[in-house]
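Novice: Each chain, letter by letter, is given below.
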Amino acid sequence: GDSVTQMEGPVTLSEEACLTINCTYTATGYPSLFWYVQYPGEGLQLLLKATKADDKGSNKGFEATYRKETTSFHLEKGSVQVSDSAVYFCALSDYNQGGKLIFGQGTELSVKP
Amino acid sequence: DGGITQSPKYLFRKEGQNVTLSCEQNLNHDAMYWYRQDPGQGLRLIYYSQIVNDFQKGDIAEGYSVSREKKESFPLTVTSAQKNPTAFYLCASRPDRKQQDTQNFGPGTRLLVL
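Residue numbers (this note's numbering), protein chains in the order written: chain A, 355 to 467; chain B, -9 to 104.
One chain only, chain B, in its complex shape (with noise of 0.2 Å):
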């Protein structure tokens, strides 16, 4: 079965600590989207990627970092930058073409601060 996984679906960052939230799909898509989403909010771009070994900044980057040296991984790193951490998140990709523009989602990470 294809899809994406996203790990752990709990975690739990201290003070002054960066934490990385895996994000790994089996669908062979292009692109992939991490999102942020918190309680009575929609969703909001963090960061995003059309291929590999690049990506681009979203909407609201600053306290976030990322990667993508694998086609089927994405990680998200939480820096300690950023100030209110704890909202679920959510990792997405879709094949990257003009009519292919649904994107798939994770079951999401939810983070939480100590």
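Extracted from the complex, chain A is given alone in its bound form (with noise of 0.2 Å):
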């Protein structure tokens, strides 16, 4: 089935240093991708989604292309800060299954003054 594989965490930066955490995906179909970022006790909230080969998805400085060759949804940021910090998800809705969606295992950031 289809399934998401995010970078292990906790990830650990200092403030302004660049973000990138992995993500990789197997599906049969041509699902949407998501990014979605938790703050401590909170639920999800969308962060930015593509849902097509080759489009980007952006929101609050942060980036992710959906490509199809690589299989891959890599979420990107050039300069993070504290207030960054939280797990983010990747993942993916399957529309022929009720639109579920697919959620990579999450990554913890944590950005350091």
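It is worth saying that the hints were derived from the structure and are not from the lab.
Here the structure is a predicted model, which is why all the values come from computation and not from measurement.
Worth double-checking, as some hints may not be accurate.
Stated by the list, open to error - So these bits of chain B aren't anywhere near chain A, every CB distance computed over 10 Å:
(1) N18
(2) Q31
(3) R34
(4) A51
(5) E62
(6) T67
(7) P75
As the list claims (entries may be wrong) - Capping the alpha-carbon separation at 20 Å, the derived lysine to any residue pairs in SDA-like fashion look like this:
(8) K406/A / Q451/A
(9) K403/A / K47/B
(10) K406/A / T92/B
(11) K47/B / G355/A
(12) K60/B / G452/A
Glycine included, C-beta positions come from ideal geometry on N, C-alpha and C.
Take the two lone chains, each set in its own frame, and fit them into one complex as the hints suggest.
Specialist: As structure tokens, this is what we get:
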């Protein structure tokens, strides 16, 4: 079945460092891809999405490009802030299964001042 | 403001007890979902519903039950058959249209066993 694998954490960076969180997927169809962010004790918030190959999603300085040839959707940010500290989840949607989301295991990011 | 509310924020269950988690949305979304989150793991789908009075099992439905009597409400019951219920439970919704595949999430309910 479809699956998502993302880079293990925790990831610890200094403020203004560059961030990359790797995400790869396997899917039989053509899913949409998402990055969600979860702050401590809260639900998930959509960070960005891409619906087809070569689409780039972007929001709040974060970017990710839907790469069909490498089945990847890596999350990047050029300069992280302390406020970016959170858990990041990569996910894909399967419309043929009721639109359910399939998640990676999450990557915890900690940014130090 | 439209959104998803979940209550309570924390819930305690005794041995052999059934407990019900509430999920309400005022987004007029057709589809609703329940996910379970365990530490260090991604979210796993428990149940989902695409229309009132209909719902489907997800990947880990055993020990759980749901109902969908109203479009805006999708309560989840954790039964005594669920032997390891301690987790963070998240409810989500989305419009049931092919191009509308983004799910909105509620704030979650943390269930603890006494």
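Novice: Against chain A, does P75/B hold up as non-interface, every C-beta pair farther apart than 10 Å?
Specialist: holds, 19 Å
Novice: Decide if the proposed pair is consistent with the structure: K406/A and T92/B, CA atoms, cutoff 20 Å inclusive.
Specialist: It holds: about 14 Å lies between the C-alpha atoms, which stays within 20 Å.
Novice: Take a quick look at A51/B and tell me if its Cβ sits farther than 10 Å from every Cβ on chain A, holds or violated.
Specialist: holds, 12 Å
Novice: Does Q451/A sit within 20 Å of K406/A, going by the straight-line distance between their CA atoms?
Specialist: holds, 18 Å
Novice: Quick one: work out the minimum CB distance from R34/B to chain A and report holds if it exceeds 10 Å, violated otherwise.
Specialist: Given a closest Cβ separation of 8 Å, the condition is violated.
Novice: Given the hinted pair K403/A and K47/B, is their alpha-carbon gap at most 20 Å?
Specialist: violated, 26 Å
Novice: Minimum Cβ separation between T67/B and chain A greater than 10 Å?
Specialist: holds, 20 Å
Novice: Would you assess whether Q31/B, listed as outside the interface, keeps its beta-carbon beyond 10 Å of every beta-carbon in chain A?
Specialist: It is violated; Q31/B is separated from chain A by about 5 Å at its closest Cβ, not greater than 10 Å.
Novice: So is E62/B really clear of chain A, every C-beta pair being over 10 Å apart?
Specialist: Fine: 17 Å to the nearest Cβ keeps E62/B off the interface.
Novice: Is the Cα-Cα distance between K47/B and G355/A 20 Å or less?
Specialist: holds, 16 Å
Novice: Against the 20 Å threshold, does the CA-CA distance of K60/B and G452/A hold or violate the hint?
Specialist: Holds. K60/B to G452/A sits at ~18 Å (cutoff 20 Å).
Novice: Report holds if the minimum CB distance from N18/B to chain A is greater than 10 Å, and violated otherwise.
Specialist: For N18/B, whose nearest Cβ neighbour in chain A is about 16 Å away, the distance exceeds 10 Å, so it holds.
Of the numbered hints given earlier, the model fails hints 2, 3 and 9; all others are met.
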